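Student: Here the protein sequences line up with chains A and B, keeping their order. Heads up: the first sequence at position 405 corresponds to 405 in my numbering, and the numbers run straight through without jumps. Quick note, my numbering runs 1000 ahead of the 1-based positions in the second sequence.
Hints in this document: simulated from the structure, not taken from any laboratory. All figures in this text were calculated on a predicted structure; none of them were measured in a lab. Each hint should be verified, as a subset may be incorrect.
To be verified - Computed cross-link-like contacts, DSSO-like style, restricted to lysine-lysine with a CA-CA straight-line distance of at most 30 Å:
id, chain 1, residue 1, chain 2, residue 2
1, A, 434, A, 413
2, A, 76, B, 1112
3, A, 87, B, 1112
Unchecked claim - Computed footprint of chain A on chain B; a stretch qualifies when at least three of its residues, placed anywhere within it, have a C-beta under 8 Å from a C-beta of chain A:
id, region
4, 1021 to 1032
5, 1145 to 1156
Every residue gets a Cβ at the ideal spot worked out from N, C-alpha and C, and that includes glycine.
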Amino acid sequence: MTEESHNEQALPDRDELPTPVVKRRRFNASLIWLIPALAALVGISLVVNSWLQAGPQITISLQSAEGLDAGKTPVKYKNVVIGRVKKIRLSSDRSHVLVSVALEKSASGFATKGTRYWVVRPRIGLGGVSGIDTLFSGAFIGADVGESNEEEENFKALEVPPAVNHGAPGRSFILHTDDLGSLDVGSPVYFRRIQVGRVASYELDKDGKGISVHIFVDGPNDKFVTTSTRFWNASGVDLSVGANGLKLNTQSLATVLAGGVAFQDPPGPHDDTVAPEDTRYPLFGDQATAMAPPDGEPKYIRMRFGQSVRGLAVDAPVEFLGINIGKVVSVRLDYDEKTQTFPVLVGALIYPQRLGNAYGKLEAMARARGESPELPQLMSHLINHGLRAQARTGNLLTGQLYVSLDFVPHTPKVPFDPKLKPLTIPTVPGSFSKLQEQLAEIVDKISKIPFDSIGKNLDQTLAGLNATLKQVNGQTLPAFKDTLQGVQKTMGTANDALSGDSPLQQNLGATLEQVRRMARSLRVLTDYLGGHPEALLRGRRADAKLDAPTPPVASKPSAESSPGSKP
Amino acid sequence: MGRDSGAGEVNALPRADELGLIGCPVCGLVCRNVAGDKRLDGDGVDDAMACPRCNTALQRRKPNSYMRTWALLIAAFFLYIPANLLPIMRTASLNTIDDNTIISGVVELWVKGSPGLAIIVFTASIVVPMLKFLALSMLLVTSQRGSGWARLQRAKLFRLVEFIGYWSMLDVFVVALLTALVRFSVLSRVEPLPGVIFFGLAVVLTMLASMSFDPRLIWDGRDTDD
Chain A
1 MTEESHNEQA
11 LPDRDELPTP
21 VVKRRRFNAS
31 LIWLIPALAA
41 LVGISLVVNS
51 WLQAGPQITI
61 SLQSAEGLDA
71 GKTPVKYKNV
81 VIGRVKKIRL
91 SSDRSHVLVS
101 VALEKSASGF
111 ATKGTRYWVV
121 RPRIGLGGVS
131 GIDTLFSGAF
141 IGADVGESNE
151 EEENFKALEV
161 PPAVNHGAPG
171 RSFILHTDDL
181 GSLDVGSPVY
191 FRRIQVGRVA
201 SYELDKDGKG
211 ISVHIFVDGP
221 NDKFVTTSTR
231 FWNASGVDLS
241 VGANGLKLNT
251 QSLATVLAGG
261 VAFQDPPGPH
271 DDTVAPEDTR
281 YPLFGDQATA
291 MAPPDGEPKY
301 IRMRFGQSVR
311 GLAVDAPVEF
321 LGINIGKVVS
331 VRLDYDEKTQ
341 TFPVLVGALI
351 YPQRLGNAYG
361 KLEAMARARG
371 ESPELPQLMS
381 HLINHGLRAQ
391 ARTGNLLTGQ
401 LYVSLDFVPH
411 TPKVPFDPKL
421 KPLTIPTVPG
431 SFSKLQEQLA
441 EIVDKISKIP
451 FDSIGKNLDQ
461 TLAGLNATLK
471 QVNGQTLPAF
481 KDTLQGVQKT
491 MGTANDALSG
501 DSPLQQNLGA
511 TLEQVRRMAR
521 SLRVLTDYLG
531 GHPEALLRGR
541 RADAKLDAPT
551 PPVASKPSAE
561 SSPGSKP
Chain B
1001 MGRDSGAGEV
1011 NALPRADELG
1021 LIGCPVCGLV
1031 CRNVAGDKRL
1041 DGDGVDDAMA
1051 CPRCNTALQR
1061 RKPNSYMRTW
1071 ALLIAAFFLY
1081 IPANLLPIMR
1091 TASLNTIDDN
1101 TIISGVVELW
1111 VKGSPGLAII
1121 VFTASIVVPM
1131 LKFLALSMLL
1141 VTSQRGSGWA
1151 RLQRAKLFRL
1161 VEFIGYWSML
1171 DVFVVALLTA
1181 LVRFSVLSRV
1191 EPLPGVIFFG
1201 LAVVLTMLAS
1211 MSFDPRLIWD
1221 GRDTDD
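Model the full assembly from the supplied sequences, consistent with the hints where possible.
Tutor: Next comes the structure, spelled out in structure tokens:
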């Protein structure tokens, strides 16, 4: 205000005021517009750049968005980021999660049919640990591109990571099995105990009667899979007791727990042709089965057992002369109205090829006879020769039975119709069941023995015996004692009589002396008689005529006997 | 009320311009305004007068103020868009890589339990630049139309815009500081991303825009207003 009033006052002196210097500048004010133009240019270039870099948008449907983060979770292929999750939302029916992914321009090939996506999370399985890095970095979406060029926007994520990446060197094969066992996707495939592949997937057959297991064998080891290669399930522990002792056979500890498949060519000459991709193989239960010679077509036979088959289980072996030729597949009860019995129908699969050369020879013989070389015809021939099925005890401890086809001598002939389906083999009672029957008979007989009355009689007899013994103790024994004392006395007397200074002894000595003397005189007599036999007739002569024979010989025996009685 | 009385008085009182005078802002010398000729009236050439005593540039108004302010403001606005869309900072720690834009950083701060910090960052990075854009645009439009509406408030608003303009650089400083401080290679790492450059440029350009706006323009056009 004051300034303005001052200015007002100075107004008249305006012309005396100094004039400012006027400078010319080169700068054109409109150049300032270069700045927003530049800014706009930068902005536009950014937009264009991002538009150029933007790849296709795809949608992946997942079961759960666990661990996924909109705007952060990357999509990786071979651990290279090829896109990023932009948005996560629920599907309209809330059954699954839809994840929008912006792929990079360079990864537009991943928006094609056949590309597989899955969420990589830390997984800890028996076969190992995977995706451990995601513990820190968070889950990401893994991708595996397919072959197709057809564009695709909607994908369904795999629940488990695929075992095999597309384009990996190697080949896949299909194994067919009845039972998956402990196999799983990712289970190892071993060749000579080296892991050369893994199980890629498995699925039930359409008819539900088996499982197809897809395995992938990595190159270059896939060339070891030949057309004659055998595959077996290497899961678990194979413990066998043989003539060589206890044998434990496993692949690796991981396999014991998590399962696995092993393959190898059979020993001996075989076809070495490298198998083409997706060849189908059977998956055997164990190495021994796998390595066994091929079984050929199995044949179904039926047996009708009249006795109990306790201990005969499905999978029990069927043996022919001790050679395993098949296995029991069913054990069922039947009812026979005629005999009112319950026969057991046992179904079995037998592999005639397991008979080896014998089967070939039988076939040749049947052909030579002009018969059909089919199994029923051969069987009918063998059955006429006494082939019978028996349920025999395989293990006395557990009572397990097996079916034995054997020639039974002196068995009655049975009618056999080779055209009947299924092929029914006549049976005879097993050796053990026969034994059982005999035992039962013995037991029956034993049970008929009247143990009761025997016992009663024995009791009475014992009572009588007891009374007798009492009598013996009370009366006989004292008397016996007295008798013994008497005997002792007698013996003492006898002893006395026999002692050295007893009169008997002395008398005996004197008597013996007399006898001695008598013997001497007798000798003299005989000597005399020897010299003078006439003395027996003529009597004793004088001493001068001693040499003359004694005439009374006949009277001598009386003289002889008299000296004996003389003393 | 103040406006009414002020207007009454101002109407009665002449201005330096009307008296053909111009004052040197440094030495205080009052000169004759020779700019009566057309050389200084937006003929595309930015000619200027200078004080005959101290050679300070003498300007009746800041030269081409409208055009410059508009240009800088528009440039700032252009840069402000990528500044908000692009991530400004990457926090990397043990396999976790986190790219944050300004807004996502604010949201993260809020969610992770620092609402105070979130508000500060939000104010400095979003509210203040937007306020500057809106305020300067409004000042420019009203001044160009010579509107006499709420002149005092508009003048105050302009001073406020100039004052708070620096605080928008907060985000840039935060990123610069963290980048320098958090460098533990694998464990933890902070890196600046292109967004922060755009943001810094946008803030600088808004400051330049507010500097090139001449608040005296607010008070011009008195006659048309009344």
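Student: Kindly indicate which numbered hints from before are broken by the structure, ordering the numbers from low to high.
Tutor: Hint 5 contradicted; others consistent.
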